[in-house]
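Participant: Sequence:
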Amino acid sequence: MTPTGLGVLQVEPTDHCNLTCRMCAPHHEGWPTVHGIPKGFLDPALWARIVEGFVADDLRFDHIIFQWLGDPSLHPRLGELVGLAARRLAGRVGYLRIDTNGILLTPPRIDALLDGLPEEGPPLLVVFTLDAHRPETYQQVKGQDALLRVRRHVRHLLRARRRRRATVNVAVQFVVQPGNTAEVADFVAYWRDAFACQGDPTRFADEVQLKRLSVGGGSAGQAEADAGYEAATAGLQTGPLGRGARLLLWEQRPWQADDGHTGARTACPGLWYTPVIRHDGVLLLCCADLHSEMALGSLHEQGFLSLWQGRAATQRRLEHLAGRFTGACAACGGINWYSLGEGAGPAAEARGRELGLSPG
Numbered sequence: 022m023t024p025t026g027l028g029v030l031q032v033e034p035t036d037h038c039n040l041t042c043r044m045c046a047p048h049h050e051g052w053p054t055v056h057g058i059p060k061g062f063l064d065p066a067l068w069a070r071i072v073e074g075f076v077a078d079d080l081r082f083d084h085i086i087f088q089w090l091g092d093p094s095l096h097p098r099l100g101e102l103v104g105l106a107a108r109r110l111a112g113r114v115g116y117l118r119i120d121t122n123g124i125l126l127t128p129p130r131i132d133a134l135l136d137g138l139p140e141e142g143p144p145l146l147v148v149f150t151l152d153a154h155r156p157e158t159y160q161q162v163k164g165q166d167a168l169l170r171v172r173r174h175v176r177h178l179l180r181a182r183r184r185r186r187a188t189v190n191v192a193v194q195f196v197v198q199p200g201n202t203a204e205v206a207d208f209v210a211y212w213r214d215a216f217a218c219q220g221d222p223t224r225f226a227d228e229v230q231l232k233r234l235s236v237g238g239g240s241a242g243q244a245e246a247d248a249g250y251e252a253a254t255a256g257l258q259t260g261p262l263g264r265g266a267r268l269l270l271w272e273q274r275p276w277q278a279d280d281g282h283t284g285a286r287t288a289c290p291g292l293w294y295t296p297v298i299r300h301d302g303v304l305l306l307c308c309a310d311l312h313s314e315m316a317l318g319s320l321h322e323q324g325f326l327s328l329w330q331g332r333a334a335t336q337r338r339l340e341h342l343a344g345r346f347t348g349a350c351a352a353c354g355g356i357n358w359y360s361l362g363e364g365a366g367p368a369a370e371a372r373g374r375e376l377g378l379s380p381g
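Each residue of the sequence shown is one higher than the last, beginning at 22 in the working numbering.
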């Protein structure tokens with residue numbers, strides 16, 4: 022797919038997390054900082070100013086994800102952040118999304134979140150990252166015994182949304198990885214039945230998502246992870262899952278470093294379609310840039326558009342178009358689940374000429 026508008030904006034409410042998932046190096050390995058700066062929380066007042074800037078500049082995004090390198094439910098005012106976007110960005114964003122482990126998304130917080138959504142706002146998708154069917158497996162791959170608690174929270178959301186007019190869709194996600202591959206079928210069956218009981222396909226678009234494990238964005242070991250995914254999901258396919266939801270298999274793969282890939286790398290769509298607002302208000306060029314090597318500047322001081330179309334962002338895009346991949350991009354597998362729109366390259370080149378930049 023080619024995202025609409027300025028792409029998929031990720032907003033980081035916090036880089037704190039209450040799990041130590043094995044697939045997440047920063048929290049599994051206990052990094053004292055994730056981005057090379059102190060961990061923290063997004064200031065709601067700053068987010069309000071950023072949103073008003075979107076409105077003033079008539080900016081549009083395919084969708085907005087409230088999560089990056091922490092769990093958004095740890096932000097005590099998450100509902101306020103989401104509710105503001107739902108009210109002010111109606112018609113400017115396809116939908117809003119929260120990715121969470123759901124441990125702290127308790128029934129009272131769920132109710133408050135739903136109560137803060139306007140009836141005519143964009144749909145909200147809540148993705149619960151579960152990655153296990155059995156409690157002992159959950160503890161093994163995620164570092165805490167919380168699966169049964171999270172299931173109760175998901176079921177509460179499925180019931181509570183029916184009493185509201187706002188559209189709230191729910192997805193449960195299973196990242197296939199060492200330690201959980203034998204549970205795929207049981208996971209799908211459990212949530213097929215849950216959505217059949219509590220879902221409503223006439224109102225909601227719910228999903229059970231099976232996702233590939235990303236190994237360093239396509240680094241050594243990716244081919245082995247892909248083989249495990251394909252074996253675990255053999256015989257399954259994307260499509261309706263009973264009468265309450267659909268099954269979604271993650272088919273796209275990053276550019277491979279270790280599976281015999283011979284094609285030349287092309288410009289990564291991430292530089293055009295995956296802006297990230299870090300919890301301190303710094304705008305980043307790509308969601309794969311964990312260490313913030315491609316920080317564009319602070320939204321405390323400049324507007325989104327001036328940074329997103331500025332010299333640093335445009336120069337990096339020109340380098341990619343010329344086949345040059347340096348710094349954080351050198352070892353990355355690329356954000357290849359999006360495709361670069363036909364006009365994206367020429368637009369970057371035209372912007373480069375306006376700024377007097379080298380074509381790469």
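What the hints contain is simulated information worked out from the structure, not anything from laboratory work.
Treat the hints with care, since some could be wrong.
[To be verified] Taking CB as the label site, the calculated pair distances span:
| # | residue 1 | residue 2 | range |
| --- | --- | --- | --- |
| 1 | Arg109 | Asp166 | 19 to 27 Å |
| 2 | Arg81 | Thr287 | 23 to 31 Å |
| 3 | Thr54 | Gly256 | 25 to 33 Å |
| 4 | Asp221 | Asp132 | 48 to 56 Å |
| 5 | Pro367 | Asp166 | 50 to 58 Å |
| 6 | Gln323 | Leu169 | 31 to 39 Å |
[Stated by the list, open to error] No more than 20 Å apart at the CA atoms, straight line, and that leaves these computed lysine to aspartate or glutamate pairs for EDC-like:
| # | residue 1 | residue 2 |
| --- | --- | --- |
| 7 | Lys232 | Asp247 |
| 8 | Lys232 | Glu245 |
| 9 | Lys60 | Asp301 |
| 10 | Lys60 | Asp310 |
| 11 | Lys60 | Glu140 |
| 12 | Lys232 | Glu314 |
| 13 | Lys232 | Glu272 |
| 14 | Lys60 | Glu314 |
| 15 | Lys232 | Glu251 |
| 16 | Lys232 | Asp207 |
| 17 | Lys60 | Glu50 |
| 18 | Lys232 | Glu204 |
From a predicted model like this one, the values you see are computed outputs, not experimental measurements.
Glycine included, every Cβ here is placed at the ideal spot set by N, Cα and C.
Participant: Sort out which numbered hints this structure fails and list those numbers smallest first.
Facilitator: 1, 3, 4, 6, 11 and 12
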